[in-house]
Every structure is written in structure tokens, then in C-alpha cells.
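Student: Chains as they are written, first to last, in this note's numbering: chain A, 4 to 330; chain B, 4 to 330.
Check each hint, because a few of them may be wrong.
[Unchecked claim] Residues from chain B that face chain A, not an exhaustive set, calculated with beta carbons under 8 Å: (1) A157; (2) Q212; (3) N245; (4) V250; (5) W255; (6) P256; (7) I259; (8) G312.
[Stated by the list, open to error] Between beta-carbon pairs, the in silico distance windows are: (9) B:Q26 with A:D165: 49 to 55 Å; (10) B:L229 with A:D63: 56 to 62 Å; (11) B:D165 with A:L229: 51 to 57 Å; (12) B:D277 with A:D165: 38 to 44 Å; (13) A:A189 with B:T197: 35 to 41 Å; (14) B:E66 with A:R322: 56 to 62 Å; (15) A:R131 with B:D277: 43 to 49 Å; (16) B:A270 with A:R322: 33 to 39 Å; (17) A:I329 with B:H234: 57 to 63 Å.
[Unchecked claim] Straight-line alpha carbon distances no greater than 25 Å define the calculated DSS-like cross-link-like pairs of lysine-lysine that follow: (18) A:K316 with B:K266; (19) B:K311 with B:K192; (20) A:K84 with A:K201; (21) B:K231 with A:K266; (22) B:K266 with A:K311; (23) A:K266 with A:K311; (24) B:K311 with A:K192; (25) A:K231 with A:K308; (26) A:K266 with B:K311; (27) B:K70 with A:K266; (28) A:K201 with B:K266; (29) A:K266 with A:K316; (30) B:K192 with A:K311; (31) B:K266 with A:K192; (32) A:K266 with B:K192; (33) A:K266 with B:K266.
Rather than coming from a laboratory, the hints here were simulated on the basis of the structure.
Note that the Cβ used here is the ideal one computed from N, Cα and C, for glycine as well.
Number of protein chains: 2
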Amino acid sequence: MKARATASPNIALVKYWGKRDSQLKLPLNDSISVTLAGDFQSRTTVEFSEDYAQDSLLLDGVEASEKEMQNSFLVLDYLRKLAAVDFRASVVSQNTFPKGVGIASSSSGYAALAAAASAALGLKPDARQLSIAARLGSGSASRSIIGGFAHWKAGSMDDGSDSFAVQIADENHWPELRIVTAITSAEPKIIGSTEGMKRTVETSALFRQRLSTIPAKVEGIRQAILGKNMHSLLPAVMAESNSLHAVMLDSWPPIIYLNDTSKRIIAAVHELNDASGEIIAGYTFDAGPNAHILTEQKYLHEVEKAIKGEGVKSLHVSRPGEGSRIL
Amino acid sequence: MKARATASPNIALVKYWGKRDSQLKLPLNDSISVTLAGDFQSRTTVEFSEDYAQDSLLLDGVEASEKEMQNSFLVLDYLRKLAAVDFRASVVSQNTFPKGVGIASSSSGYAALAAAASAALGLKPDARQLSIAARLGSGSASRSIIGGFAHWKAGSMDDGSDSFAVQIADENHWPELRIVTAITSAEPKIIGSTEGMKRTVETSALFRQRLSTIPAKVEGIRQAILGKNMHSLLPAVMAESNSLHAVMLDSWPPIIYLNDTSKRIIAAVHELNDASGEIIAGYTFDAGPNAHILTEQKYLHEVEKAIKGEGVKSLHVSRPGEGSRIL
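With the hints as extra help, turn the sequences into a complete structure.
Tutor: Printed below as a string of C-alpha cells:
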């Protein structure tokens, strides 16, 4: 009853910000993401045994925090129920990320956990079940189950059974696409996502209006991905990121993740597109100041040149990658 | 037919951002401001004469731009019609502001122009007419006619005859109030207010929602001013500033005025209030990165200590001041 799995982080193109159920991680809106290939992975081994008195979780060699234990327990328990098994588990997870790379490990971590635990339990879950299991650990992990481009449907059921990610297109659909991550700060987050989302939902007068704009954005971005259409995808992705950071700023007290280097990159991307006379780059920012810039391979050099400079600590280039899988 | 007048800039507590008529400077929402005393003044001399072939305008010794000429012409012409006079005017205006002080001179400038031109024409306009005349030069100037605390009512008439500022309370109402201006950048604006407003109105999906929140804010802030209630005034003023900058960020392309020093000041003010266990300071930012911090005299030292530091180029302290007047 032991298995090992890997999963990669994903970058949201339509953002997940706001929960309708904090325990089940049910979101207030659909989101869309691209799963990253290669360098960034969470590799997780899960073993169930009647010898274990309780679940244990080691992350990069360190015992997990209480919060991580609680979230992992939700994933493990969902799968134990599916398998009708009551053994405790030993979980050992390793991230291949360089530290301070500005990419959160929660999406890949809980996706790898869900995949490894399923296999260890002898389950053959479909992507829907795996996505739901991963979602219970961290909302964004529901999307890292899926390779290429994922659409996490918010769903409407109270039990979350219709809240899972589906594939828009796989990792081979758009091989020229690149995601350039520009690290602009190695400092810890000013506020975590869970607390930040709660604050925005409870205090921003603009947040409900933002929610009402999401369905059209989701459909537009889905179509742009299917058509590999940079001209419609990238402006929509940038505007969506700006909308997210606008409602963060409108929260009380305000949440401001973007720093002067983020601002400089935003301006540089707009200038680059203006100077090119076409849309060759588009930024998106999660709950942090680090930029993820979408472009295509042929523009990579130009984009890197435009955004490099003061305040950019490092650049990492990724392409669309596979979903979670058993090793 | 010659007169001289002075007026001071005002700091908006509920912001003016978005026009329903760009020629007449009719706003989409009510706004509230405090007029500053003393150091910052525009002093303007206007002379009408049949000898002048055209209006001329000298600002701090430099010939005015075409845009400034157009706006001044609207003010002068409104008053010429009231006086049934058709002479051209020579206008000479001087600002007492230190350069790069981060306070726009348009509010004081057009208010002083309206006051001086009225007097030169022998008019005895009431505050309503003066406010309308000043508004035609620059929307915010409608408030600098008024001493102390001004409420610019958006009005609903197409001709702007009901769009003017009225006094909430005069400059002696709250003598302990201080406005600390922290200069965080001497660089020119990334985008002017006229262009920025237009962009927000035309592109921000959140802007209409912001507008719907204004009436309640206006009433709350008006009551807080009347009651000299720091605890209700300052959080409302801060949230209003954040709401403005949120819709700016939500514009396309995004407008981002706040810089890392603005962010640091925002955090410092929240920390100061938290540490004090009461609300002793509140920030507001116009279309720029410079902070205006409201506090009372007894907290001034504490507030200055909290916001001084990296990135703050200078601090200026003001108190509520008089409206425009003839010299």
C-alpha cells in the first residue's frame, strides 16, 4: 500500500480568489490555469499501514505545520472513504523548486498527494475524483491534476461533488507557449491566500462586481486557448490579473502585493506590445509580486530583454506540462 | 477693471474621478474636500481691457499651454456673459508652492482666476456662481472657492447649473486637524487626470460599482466632519482612496500611481493605528504617489515619526484654510 507520484504547479490565467466553503475549498468562481512542465515538481510518497497510529507528513524533510496536516488529512480521508480503508498514512513530499522561486508549492503538493494516496490505496480514480481530492488540500491543486490547460468549474453543489477541474487542451496543444517567471522579491508574503481571500470577500465593495465579470472572461480565455490566439488571450489575462489586484487593494485593510518592480514589468510589457504593433507578451500576478509572463518561444529573447533589469532577481522559463502522474 | 485674488489647493476626501461632460467638467459623482491653509496659494491678477485683442495667461512667468488657455477661456467667458462684457483679459498667476510639492495647482489656480476675474468685472457673484466658474477651469477648483470643508454636488442638469460646491463646515470648525503631505516622488505624473479619468470610465468593469458606493460614503464623511469624528472619518477616507486606486488599476491599460514608498506609508499608518488602539491617522492619495495624511495636532509628532524614512523626500503640514478671496 505504497505509491509515489509527481505533480507540477499551475499558473492561473483566470484567478481563484474567494471561497464559498472554506473547509471544502469551494470557490466563488471558475478559474483557468496552465500547468507548468519540468523543473518545478512536487514528488510525494504515500504509504498506508495498519501499523501507523496517525497520519504523518514530512515536507522537504520538515514536519508539516498544523494547517498542512489538516488539509492533507482532508485529502487522505476523502480517498480512504472511497477505498473503504481506515489505515493511517505516512507521507513524504519533496519539492524540486529552487527556494524563493515565487511559485507556490501548494498546487503541486496536494495534487501529488492525491495521486500518490489514490494509487497506494489501489484506487483507479478518474480525473474528476482526483481533482476533487486534491482540491480538498488546496483549491488550486484541483487544476494541477490536469495537464496543459485546466478549467476548474466552481460547481454549485454544497458537497463539492461538481467542483473539479477539466482539461481545456493538453500539454501538446500549444508547444510554442512559454511562461517566464520573473522573481521580484524573495520576501515572505505579506498575507497568505486563505486570509487574503477571506478579507476581500468580506470587505471589498467591488468584489461582487468582479465576480459578475468572470463567466465572460472564462469563456473568452477558454476560446483563446483553443485557438492558440495570443491576441485575444494575453490582453484578457492581463486585465484579469489587474482586476484581481484591484479588489485586493479595495479590501480592508488593503492588500497590496505588487511592488515597484512588478509595476515596471507591467509597463515594460505594455510598451513591448505597443512597440511590436502586436501582442507578444502578457503578464499575470498571483498573490505576490512575482510576474508570470506568457509569450511564445520566438519572442522569448525579446521579452526577457524587456523585463530584465532593476529589481528582477531571476528569470525562469517554463512550458505547458503534464498533470499529476504515478512514478 | 483689474483685481487680484488668492485661493488654496484642496485635498479630496471623496474623490472626483470620472466626468459626465468633459467640456463643462461635470462629474459622475459628488466629492468632498478640505481646503488647505497658508503656504500653498495661487495668486492671480486679472485685468480686462478693450485694448486686448485676445486673452493672455502667464503662469509662474511662463505662457500657459493651449489646454490651460482653453480652460481659462471657459472661466473667463462664463463670467463675461454674467457681466455682459466682451473685453479680453490679461491673466498673471503665481503659485507660492515649492516645486515638486506634490500638490496640484489646478484647483487653486482656477479658483483664484474665477475670483479675480469676477471682481475685475465688477460682479458680486455668490459662492455658487464662483464655484461653477472655477469648475469650468478644472473640476476640483469648484471646491477651492469654499473654505474649510467643501461638498461638490455632482448635480444632474445638462448645463451644469446645479454642479457646484457648498460648505460643510468652515476653516475654524476643526482647528486641531492637520494634513501631512509626504512627497514620495518628484517625477512627473505617468498619466494626467483628464486622460486617466477617461480611461477608467471607458474601460474599468469595476468603476460603475465604485460609483454606486459613493452616496453612502459622502454622507458618512460629511457627518464625520460635522462631528469632528476621527474614528469614523479616517477609515472612510482611507477606504475611499483605496477604492479609487483599485479602479485605476482595473483600467486598461492599468493606471498605477502608488509606489513602494506609498505602500510603506499605507502599512505604517495601519500599524500606527493598530498600535495606538485608536484611529489617529488616515491616508489619502490623489492621482499620484504622494500621501496626504489626516491627523490632529496632538498626534503630529507620532505620525511624522511613523511615516518618515526611506523614500519620503519631504513632509509638509497644513491645516484647514480659507476659500478664495480678493486681495
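Student: Now, for every hint given, state plainly whether the structure supports it.
Tutor: Outcome of the hint check:
1. This hint is violated: A157 (chain B) has a C-beta 19 Å from the nearest C-beta of chain A, more than the 8 Å allowed.
2. Residue-level restraint check for Q212 (chain B) holds (minimum Cβ-Cβ distance to chain A is 4 Å; threshold 8 Å).
3. Because the smallest distance between the Cβ of N245 (chain B) and any Cβ of chain A comes to about 5 Å, under 8 Å, the interface hint for this residue holds.
4. At about 7 Å, the closest approach between the beta carbon of V250 (chain B) and any beta carbon in chain A falls short of 8 Å, and the interface hint on this residue holds.
5. The beta carbon of W255 (chain B) is positioned within 8 Å of a beta carbon in chain A (closest approach about 6 Å), and the interface hint is therefore held.
6. Look at P256 (chain B): its Cβ gets to within about 5 Å of chain A, closer than 8 Å, so that hint holds up.
7. Look at I259 (chain B): its Cβ gets to within about 5 Å of chain A, closer than 8 Å, so that hint holds up.
8. Because the beta carbon of G312 (chain B) sits about 16 Å from the nearest beta carbon in chain A, more than 8 Å, this interface hint is broken.
9. The hint said 49 to 55 Å for the Cβ distance between Q26 (chain B) and D165 (chain A), and at roughly 53 Å that hint holds.
10. Against the hinted window of 56 to 62 Å, the Cβ-Cβ separation of L229 (chain B) and D63 (chain A) comes to about 58 Å, which satisfies the hint.
11. Look at D165 (chain B) against L229 (chain A): about 52 Å separates their beta carbons, and that is inside 51 to 57 Å.
12. A beta carbon spacing of about 41 Å between D277 (chain B) and D165 (chain A) agrees with the range 38 to 44 Å that was offered as a hint.
13. A C-beta distance of roughly 40 Å is found between A189 (chain A) and T197 (chain B), which places it inside the suggested range of 35 to 41 Å.
14. The beta-carbon spacing between E66 (chain B) and R322 (chain A), approximately 57 Å, falls within the hinted interval of 56 to 62 Å.
15. A hinted range of 43 to 49 Å for the beta carbons of R131 (chain A) and D277 (chain B) is consistent with their spacing of about 45 Å.
16. Between A270 (chain B) and R322 (chain A), the C-beta spacing of about 37 Å keeps the proposed range 33 to 39 Å intact.
17. Evaluation of the 57 to 63 Å hint for I329 (chain A) and H234 (chain B) yields a pass: the beta carbon distance comes to about 59 Å.
18. The suggested pairing of K316 (chain A) with K266 (chain B) holds, with an alpha-carbon distance near 21 Å, which does not exceed 25 Å.
19. At roughly 22 Å between alpha-carbon atoms, K311 (chain B) and K192 (chain B) fall within 25 Å of each other, so this suggested pair holds.
20. About 29 Å separates the Cα atoms of K84 (chain A) and K201 (chain A), which puts this hinted pair outside 25 Å; it is violated.
21. For the proposed pair K231 (chain B) and K266 (chain A), the alpha carbon gap of about 37 Å is over 25 Å, so the pair is violated.
22. Pair hint K266 (chain B) plus K311 (chain A) holds up; C-alpha atoms about 23 Å apart against a cutoff of 25 Å.
23. At most 25 Å may separate the alpha-carbon atoms for a hinted pair to count; K266 (chain A) and K311 (chain A) meet this at roughly 13 Å.
24. The suggested pairing of K311 (chain B) with K192 (chain A) holds, with an alpha-carbon distance near 24 Å, which does not exceed 25 Å.
25. Distance check on the hinted pair: K231 (chain A) and K308 (chain A) sit about 24 Å apart at the alpha-carbon level, within 25 Å; holds.
26. Between K266 (chain A) and K311 (chain B) the CA atoms are separated by roughly 23 Å; this keeps the pair inside 25 Å, and the hint holds.
27. A C-alpha spacing of about 29 Å is found between K70 (chain B) and K266 (chain A), which places the hinted pair above 25 Å, so the restraint is violated.
28. Only pairs whose Cα atoms come within 25 Å are accepted, and K201 (chain A) paired with K266 (chain B) is accepted, the gap being roughly 21 Å.
29. The straight-line distance between the Cα atoms of K266 (chain A) and K316 (chain A) is roughly 15 Å, inside the 25 Å bound, and the hint therefore holds.
30. With a C-alpha separation of about 24 Å, the suggested pair K192 (chain B) and K311 (chain A) falls inside the 25 Å cut-off, and the hint holds.
31. Of the supplied pair hints, the one linking K266 (chain B) and K192 (chain A) holds, its CA atoms being roughly 14 Å apart against a limit of 25 Å.
32. For the proposed pair K266 (chain A) and K192 (chain B), the alpha carbon gap of about 14 Å is at most 25 Å, so the pair holds.
33. Simply put, K266 (chain A) and K266 (chain B) have alpha-carbon atoms about 13 Å apart, close enough for the 25 Å limit, and the pair holds.
Consistency note: the structure conflicts with the earlier hints numbered 1, 8, 20, 21 and 27.
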